[in-house]
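Participant: Residue numbers (this note's numbering), protein chains in the order written: chain A, 1 to 154; chain B, 1 to 154; chain C, 1 to 85; chain D, 1 to 85.
In case anyone wonders, no lab produced these hints; they're calculated from the structure.
A quick note: this is a predicted structure, and the numbers were derived from the prediction, not measured.
Some hints could be false.
As a list, the in silico SDA-like pairs of lysine to any residue whose alpha-carbon atoms are at most 25 Å apart [said to hold, decoys possible]:
hint : chain 1 : residue 1 : chain 2 : residue 2
1    : C       : K53       : C       : L38
2    : D       : K10       : B       : E126
3    : D       : K4        : B       : V5
4    : C       : K10       : A       : K22
5    : A       : K125      : C       : V44
6    : D       : K53       : B       : A142
7    : A       : K22       : B       : K69
8    : A       : K21       : B       : D11
9    : B       : K22       : A       : A145
10   : D       : K53       : B       : R133
11   : C       : K53       : A       : A145
12   : B       : K25       : A       : E136
13   : D       : K10       : B       : D41
14   : B       : K22       : A       : K21
15   : A       : K22       : B       : K25
16   : B       : K69       : A       : Q127
17   : C       : K10       : A       : D11
If you want the footprint, here are the derived chain A segments under chain C, 3+ residues with CB under 8 Å [what the hints assert, rightly or not]:
hint : stretch
18   : 11-22
19   : 55-69
20   : 103-117
21   : 123-133
The C-beta atom is built at its ideal place from N, Cα and C for all residues, glycine as well.
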Amino acid sequence: MSVRVQIEDFDVSQEMLALRKKNPKVGAVASFVGVVRDLNDGEDVSTLELEHYPGMTERALELIVNEAKTRWDIYDTLIIHRVGALQPLDQIVLVIVTSAHRGESFKACEFLMDYLKTRAPFWKKEQTSSGERWVEARASDAEAAERWTQGEGS
Amino acid sequence: MSVRVQIEDFDVSQEMLALRKKNPKVGAVASFVGVVRDLNDGEDVSTLELEHYPGMTERALELIVNEAKTRWDIYDTLIIHRVGALQPLDQIVLVIVTSAHRGESFKACEFLMDYLKTRAPFWKKEQTSSGERWVEARASDAEAAERWTQGEGS
Amino acid sequence: MEIKILFFAKLREAFDVSQEVIVIADTENKISDVLNVLRHRGDVWKRELDENKPFRIAVNQEMVSDDVLLKNADEVALFPPVTGG
Amino acid sequence: MEIKILFFAKLREAFDVSQEVIVIADTENKISDVLNVLRHRGDVWKRELDENKPFRIAVNQEMVSDDVLLKNADEVALFPPVTGG
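Next up, chain A with everything else stripped away, as it sits in the complex:
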């Protein structure tokens, strides 16, 4: 398990290689990268500022990872979340899951993203052409996380 909150960008290939740890039992590597878009809720975005709650962020992510490990037969997970000022096209978040077979890594990776979206203390503020605004939480994210409490993940 590894959880990092950082200002710096990340390299997906390097992180995958490190997470696999030359373990020849790994047959599947599922990953997700979130990227800053230039448009959100109809407004063009020039800069995204990411705030977080140091300490709680890492704890929350570790709880989420532990939850995934109890649900699926997976080997390792990595979560990197960037903070600070980001621009459109910048990578924001990376989740990687390794497992023997693909079904587990796919499910765990999507679960980690859905839970991160609703449980990890990060907040986005956008600079748009009509000024700055805090991004509002989406009902669709709450619904995505809710699915996993209803047995789909088993």
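Assemble the complex: chain A is given as a structure, and chains B, C and D must be docked to it using the hints.
Facilitator: Okay, now just chains B, C and D, sitting in the frame of chain A:
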């Protein structure tokens, strides 16, 4: 859409960057990497030889990609499948899907892998300590592909 | 007892403070008591911490509901629904 | 008419041939007719192409069932269930 069958290895970060095409509408990049394991059905594997049906392989993969595009609101997809002789720890297959929101890219990426596993003409032959053998198709792969015909993907 | 309170994101900006320490009676030991102390400041405090507002509460870095009991030196955080990822 | 036949993987090895061209009567125009020609060779052909064996059939690079109609110069491929990915 891009489909490649090649002997050479691939770099996930580079392929992601190329697939995103500096399109600032892309918010989600889901990917899957399949890796050669050193153990399969109880036998230790030293080399995996991948055979394919040139021409049909590319056609089959393009049909699968078109099917994914009719089902989900996604931007671009990449499938790279290696052929020839591979060793444990080698990357075999890469699938990347870009979209605006994460749900679509996750679903399409898993769908592409499940369909590739049952519809694209590749065959694996393993060298093990007790000789060589052709890998048998798994019922679990057929079941995984079958799920998508029953409305889960909608 | 002393309770440390942290504010994040929109709430931090609205209150123009990122953290403070408040002293409450040992008998007033629920999150809701802390919230009432803050609401009594009126104006933006009353408005942003209204029960109908969707703010979140964490105690010692775990999200909780507002009937949790507090003890001396607990860290309480108030913030809007999270929007990371 | 002439039909090109390709064999892959285990079938290619079992028959020790990767492709051949066979000539069938224009009236014998189904995949099953081609399969019967091959089965009549006996031995490994009869065994590997037995109806209970799970081999797959493609015509002009698309997977099909064995009642598909063939036309001159079609490319037929016979192979085991696929195992890529």
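Participant: Are K53 of chain C and A145 of chain A close enough, with their CA atoms no more than 25 Å apart?
Facilitator: With Cα atoms ~21 Å apart, K53 of chain C and A145 of chain A stay inside 25 Å; holds.
Participant: Tell me if chain C covers the stretch 123-133 of chain A under the three-residue, 8 Å CB rule, please?
Facilitator: holds (count 3)
Participant: Is the hinted pair K22 of chain B and A145 of chain A satisfied, with a Cα-Cα distance of at most 25 Å?
Facilitator: violated (30 Å)
Participant: Between the stretch 103-117 of chain A and chain C, are there enough contacts, at least three residues with CB-CB distance under 8 Å, for the coverage claim to hold?
Facilitator: holds (count 3)
Participant: Would the hint linking K4 of chain D and V5 of chain B be met if the CA-CA limit is 25 Å?
Facilitator: holds (24 Å)
Participant: Decide if the proposed pair is consistent with the structure: K53 of chain D and R133 of chain B, CA atoms, cutoff 25 Å inclusive.
Facilitator: Cα-Cα ~17 Å, so holds.
Participant: Regarding the pair K10 of chain D and E126 of chain B, is the alpha-carbon distance no greater than 25 Å?
Facilitator: holds (12 Å)
Participant: Against the 25 Å threshold, does the CA-CA distance of K21 of chain A and D11 of chain B hold or violate the hint?
Facilitator: At roughly 17 Å apart (the allowed maximum being 25 Å), D11 of chain B and K21 of chain A satisfy the hint.
Participant: Given the hint that K69 of chain B pairs with Q127 of chain A, does the C-alpha gap stay at or below 25 Å?
Facilitator: Given pair K69 of chain B, Q127 of chain A is violated - Cα atoms ~33 Å apart, limit 25 Å.
Participant: Tell me if the straight-line CA distance from K22 of chain B to K21 of chain A falls inside 25 Å.
Facilitator: Distance ~31 Å between K22 of chain B and K21 of chain A Cα, so the pair is violated.
Participant: Between the stretch 55-69 of chain A and chain C, see if three or more residues pass the 8 Å beta-carbon test, and mark the coverage as holds or violated.
Facilitator: holds (count 4)
Participant: Are the Cα atoms of K22 of chain A and K25 of chain B separated by 25 Å or less?
Facilitator: violated (35 Å)
In this structure, the earlier hints numbered 4, 7, 9, 14, 15, 16, 17, 18 are contradicted, and the remaining ones agree with it.
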